[in-house]
Amino acid sequence: DAKTTQPPSMDCAEGRAANLPCNHSTISGNEYVYWYRQIHSQGPQYIIHGLKNNETNEMASLIITEDRKSSTLILPHATLRDTAVYYCIVRVAWVAGANNLFFGTGTRLTVIP
Amino acid sequence: DVKVTQSSRYLVKRTGEKVFLECVQDMDHENMFWYRQDPGLGLRLIYFSYDVKMKEKGDIPEGYSVSREKKERFSLILESASTNQTSMYLCASSLGQRNTEAFFGQGTRLTVV
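Quick note, the sequences are listed as chains A and B, same order. The numbering of the first sequence is the numbering used here, which starts it at 206 and goes up by one. The numbering of the second sequence is the numbering used here, which starts it at 855 and goes up by one.
Heads up, a few of these hints could be off.
[As the list claims (entries may be wrong)] Here are the simulated DSS-like cross-link-like pairs (lysine-lysine), alpha carbons at most 25 Å apart as the crow flies: (1) K872(B) / K911(B); (2) K925(B) / K208(A); (3) K907(B) / K208(A); (4) K257(A) / K208(A); (5) K925(B) / K907(B); (6) K925(B) / K872(B).
Keep in mind that the hints were calculated from the coordinates and are not lab data. In this text the structure is predicted, and so the values were computed from the model without any measurement.
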């Protein structure tokens, strides 16, 4: 699985958009970009994933650059409950026999009132 | 809703004890995973399983073993607990198909004294 690089921490004002970057310059053609988050004292929670097109769901939007070497997770209107560690993961969509996930150290997002 | 349940939230064990961490999922998922989480190191994969009685080593399998006798249950075993195994342990499960998200339990905080 390709390695990812994320800033260790970010702040965002409540109600503003939070833009979390991720670099994955060694991504290969069959690898997807996944985002998870972990709120304090809970297990990680899936947010969104994509291959090359931008994706949006009820939680967030995922913008992937044309060369696929980086992506940005966007929380359109951050709330205090979005304070968490956000993990960007790049992995193949299917590995015969297993779908293992490798996490890095993530970005700690703090939403400020 | 998918539920991944870990048997204990907090556990304290003595050095040298045999420790069992149990994980049960209720959505008939093929894949199950065990991670440990330590400050500054993110989530590291210990073992995963893609079918009953099947197991694969992750990044850090040393000192651990696993058991998957039934599809819904995945056990992590510390044969002889050591203080460097003090950590947060997280279990996850996912469908055995492409592009599926993983669901995590709440975690077990194990302290070995």
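Requested in this report: Output the numbers, in ascending order, of every earlier hint that fails for this structure.
Outcome: Violated: hints 2, 3.
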